[in-house]
Amino acid sequence: MSLIQEIDFGTPKSKSETMVTLTIDGNQITVPEGTSIMRAAMEAGTQIPKLCATDMVDAFGSCRLCLVEIEGRAGTPASCTTPATNGLVVHTQSDRLKKLRKGVMELYISDHPLDCLTCAANGDCELQDMAGAVGLRDVRYGYEGENHVFAKAHGCENDNWMPKDESNPYFTYDPSKCIVCSRCVRACEEVQGTFALTISGRGFDSRVSPGMNESFLGSECVSCGACVQACPTATLTEKSVIEIGQPEHSVVTTCAYCGVGCAFKAEMRGEEVVRMVPWKDGKANRGHSCVKGRFAWGYTTHKERILKPMIRERIEDPWQEVSWDEAFNFAAAKFKGIQQKYGRDAVGGITSSRCTNEETYLVQKLIRGGFGNNNVDTCARVCHSPTGYGLSQTFGTSAGTQDFDSVEDTDVVLIIGANPASAHPVFASRLKKRLRQGAKLIVVDPRRTEMVESPHVKALHLPLMPGTNVAVLTALAHVIVTEGLVDEAFVRERCDWSEFEDWAAFVAEPKHSPEATAIMTGVDPKALREAARIYATGGNGAIYYGLGVTEHSQGSTTVIAIANLAMVTGNIGRPGVGVNPLRGQNNVQGSCDMGSFPHELPGYRHISGDAVREQFEAMWNVKLNNEPGLRIPNMFDAAIEGTFMGLYVQGEDILQSDPNTKHVVAALSAMECVIVHDLFLNETANYAHVFLPGSTFLEKDGTFTNAERRIQRVRKVMTPLNGYADWEVTIMLGKAMGFEMNYSHPSEIMDEIAALTPTFAGVSYARLDELGSVQWPCNEKAPEGTPVMHIGGFVRGKGKFIITEYIATDERTGPRYPLLLTTGRILSQYNVGAQTRRTENVVWHAEDRLEIHPHDAEQRGVRDGDWVRLASRAGETTLRAEITDRVAPGVVYTTFHHPDTQANVITTDFSDWATNCPEYKVTAVQISPSNGPSDWQKSYDEQARNSRRIAPIVEAAE
Amino acid sequence: MSSSPDKLVYMANQIGKFFHSQGRDRAVQGIAEHIWKFWDPRMRKQIFAHLDAGGAGLDPDVLDALQKLKQQA
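Those protein sequence lines, which keep their order, are chains A and B.
Counting in my numbering, the first sequence runs from 1 upward without gaps.
Counting in my numbering, the second sequence runs from 1001 upward without gaps.
Bear in mind the hints are in silico, worked out from the structure with no lab data behind them.
Where hints are given, some of them may not hold.
To be verified - Straight-line C-alpha distance at most 20 angstroms; calculated SDA-like pairs for lysine to any residue:
id, chain 1, residue 1, chain 2, residue 2
1, A, 781, A, 603
2, B, 1045, A, 643
3, B, 1017, A, 499
4, A, 511, A, 482
5, A, 303, A, 329
6, B, 1045, B, 1021
7, B, 1037, A, 164
8, B, 1045, A, 603
9, A, 13, A, 85
10, A, 798, B, 1068
11, A, 239, A, 372
12, B, 1007, A, 643
13, B, 1045, A, 608
14, B, 1037, A, 611
15, B, 1070, B, 1026
16, B, 1045, A, 640
17, B, 1037, A, 372
18, B, 1045, A, 626
19, B, 1017, A, 520
20, A, 662, B, 1004
21, A, 164, A, 85
22, B, 1068, A, 608
23, B, 1070, A, 810
24, B, 1007, A, 640
25, B, 1017, A, 809
26, A, 800, B, 1068
27, B, 1007, A, 809
28, A, 798, B, 1036
29, B, 1037, A, 509
30, B, 1037, A, 606
31, B, 1037, A, 520
32, A, 341, A, 670
33, B, 1007, A, 873
34, B, 1045, A, 207
35, B, 1037, A, 300
36, A, 800, B, 1009
37, A, 511, B, 1004
38, A, 716, A, 341
39, A, 239, A, 215
40, B, 1007, A, 909
Using the sequences and the hints given, assemble the complete structure.
Here is the structure:
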């Protein structure tokens, strides 16, 4: 193993299909038009000296090190800013160039410290490399003059010197080492799109400045780390590198946070991670990352990780640490006992959308094959199950239609109920880049999210009342149909025409017009009409949506309405268009693909289908139940009724993440055996009888499938601290229950998946190593995978228009609960926060806050930062208020990252009609001033503390 | 809303409301198929028991769909 060194071509790749041929140093080379001479030279294997150029940002031409000579042209142009054209004859080395470069380097070094031996960039410093490349041997100017290097000069304070900025928890800014190449500034603008950095001053006074000479932490910086990656010196350096030193080998793996699925190089020293660097060839992230993926991996070695199995008879008892065998035997005996007493269907399990495909597959296999029922579900139940239902009904596949690259060809972006800047930040950066190039943006969201207004981006915002998505989308369709904006050729060719006619007649009814529905939706009809026209006629229109669509009583109906809109405008089946669900967790797409739903086997095939079931029976050598099992909310109801008494939960914290916490507590308390398989004693573990320690993504092999259907490798870089990868634990648990599963490596599990699942037929670890990643379907017809789906026709045959009647949720405001609460996430924290709360990310978000409009706050006497009581029909909690006009009057908003807030005490039992996906996004609430934690919070906290006790180990007698 | 017949009646009616706009025949068919595909046997058994007890609270399309489903079972 060695350190993967990616070639820096100096300037970005040109997409042109026209080729040009030039001669560099006597060698002919052909490159796409628009390629710089610098890049052309690098492609031919000649590295022209450079400092301000790097291929993650556009050429800038400031360092004057990359000068070349071109025959027939005067002077020495910069090779980074000079495009290659036909017939050029370029020389990269001559006496004149050598002298010029040496002179430039001499000036740079005359204002740079020479502490190379003790510098954090030692071994990874481009300035040092260039000094070597140009043959710098002495610096004639000395260090006595004006400089930025020394704190004191001639016995006095040096006003040019600035101390290090250590405010960011993950990286240091050392101004004394800055060469003002502005790579960091450009990375922040061009790659991340935040524009937090600038160069202040001119000439010798030029300095990199976060915001208006603020600290990094105090500025708008979102800590994505693109600047750190771009920096050629030790000016911006990861604190982990400063502490540990340079890495010696690296392994390409996949981030375990969100559904974007960024590829990273885990740069290692032995089994210690030095840093995570986004991989340029990662097709989801293209070399970019966010604060979570790049920096927030400290949880993997956090002291609160539980590394030994534990058991207890009653949840009131302290935990007893035991051997793995004891834990498995205890769990197996409990589960068998429950099945004998209450019947075969009285146990089940939840697969993890955080774990690998292989691990998820094994958990559902254990449940179907070992437990002998289909009581398996996954966290997609509470997020994107309506996507699965809605898209399979209309298009024929339960997944998004595009790859992320598709956004580069998009002209109109319609975001519905999603805030990618917070929840899918790397995709948001790619999207914003396209928007800065001129694509239009429409945002349908109750809240003025970060997407609505960001540097150089202004969206057409339709701020709707929570719960009225279907009315708004049907009104958009109304405008498209009644104003004659239908893509009739597409609809006639690709869709069922008579179903379209029924649907068109329905949406055209006057009661669905923007004007008629405005009273319910709160959306300005003029703005809505404008949005419909832009989406239907503005070129390639792409819809991106999130949980603001799915987590409603009409979640599935909304997904169907989205599919209808894409079909009626012909925005399906080519790059730049499509319907793109932004999946929440790293492997939630994969967990759905792997048969985690109680009604279907891997590959979305209903359990009642004899032919498919028989294939699995033959491979698994066991008879399978042909009836659908319980979904997560049904499991809770059945537990309270006394027919569902044992649950195996892998890598999910249902107590914190599922709605109506009191109901979940009642259900878990009613069960006789809850097995939690996780990294930490999470909230669910407070009600568990068996704890099986889990492993992190750094400790195992496997694959994740992201929101683009992209299957990517997860590679083990360290030995599991707990002893076993999660797939091994599931195998051993199965064995204790008498269900044998034999695999020596996850690749064998993938081979079984491929053999049983037509859309995965061509997937293998060898294939993934060869291609880097692959998007399913990957089979004989598409051996390299399928970036864009439904090209030339829909998977189900004809696209199906389905009528979407708006039905208001039964969760209504009234005199007691006059406000609507909606929930969401923040950039620095991830879901229930089990991981990110155990990293330095808490500096950005230490608690959940309640956003409330100044008008509503004033009426209730609430000031910014006050503690408020938040009450709904389901329960109440307290948290601090943040007064903002991001939310409309009548709407309040909070995040759900912290268990001490327990936002889900407030949310209700209402759920999507088709899939039982909970209605997190609409809860009628009341707000009042409060002095501190509610009684519920106090008793919850006490129970949690009591439940987490671990009994001291008693020394063995022998 | 946690006592089970009430909750199941509510869920079944929610399904019914989605299919209602597709016309009676298609709605009855759609509701029956949806419940057959997605409800665990114990849930179906409970709603059938409720149906046998008069099916109070069930919308007409849903009542028909459940009767149809019960006959097939």
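Consistency of the hints with the structure:
no., hint, verdict
1, A/781 - A/603, "16 angstroms, holds"
2, B/1045 - A/643, "13 angstroms, holds"
3, B/1017 - A/499, "19 angstroms, holds"
4, A/511 - A/482, "13 angstroms, holds"
5, A/303 - A/329, "27 angstroms, violated"
6, B/1045 - B/1021, "27 angstroms, violated"
7, B/1037 - A/164, "62 angstroms, violated"
8, B/1045 - A/603, "28 angstroms, violated"
9, A/13 - A/85, "15 angstroms, holds"
10, A/798 - B/1068, "29 angstroms, violated"
11, A/239 - A/372, "51 angstroms, violated"
12, B/1007 - A/643, "16 angstroms, holds"
13, B/1045 - A/608, "18 angstroms, holds"
14, B/1037 - A/611, "17 angstroms, holds"
15, B/1070 - B/1026, "18 angstroms, holds"
16, B/1045 - A/640, "17 angstroms, holds"
17, B/1037 - A/372, "19 angstroms, holds"
18, B/1045 - A/626, "16 angstroms, holds"
19, B/1017 - A/520, "19 angstroms, holds"
20, A/662 - B/1004, "17 angstroms, holds"
21, A/164 - A/85, "44 angstroms, violated"
22, B/1068 - A/608, "18 angstroms, holds"
23, B/1070 - A/810, "28 angstroms, violated"
24, B/1007 - A/640, "13 angstroms, holds"
25, B/1017 - A/809, "12 angstroms, holds"
26, A/800 - B/1068, "25 angstroms, violated"
27, B/1007 - A/809, "15 angstroms, holds"
28, A/798 - B/1036, "25 angstroms, violated"
29, B/1037 - A/509, "32 angstroms, violated"
30, B/1037 - A/606, "8 angstroms, holds"
31, B/1037 - A/520, "33 angstroms, violated"
32, A/341 - A/670, "15 angstroms, holds"
33, B/1007 - A/873, "16 angstroms, holds"
34, B/1045 - A/207, "73 angstroms, violated"
35, B/1037 - A/300, "40 angstroms, violated"
36, A/800 - B/1009, "29 angstroms, violated"
37, A/511 - B/1004, "36 angstroms, violated"
38, A/716 - A/341, "41 angstroms, violated"
39, A/239 - A/215, "16 angstroms, holds"
40, B/1007 - A/909, "10 angstroms, holds"
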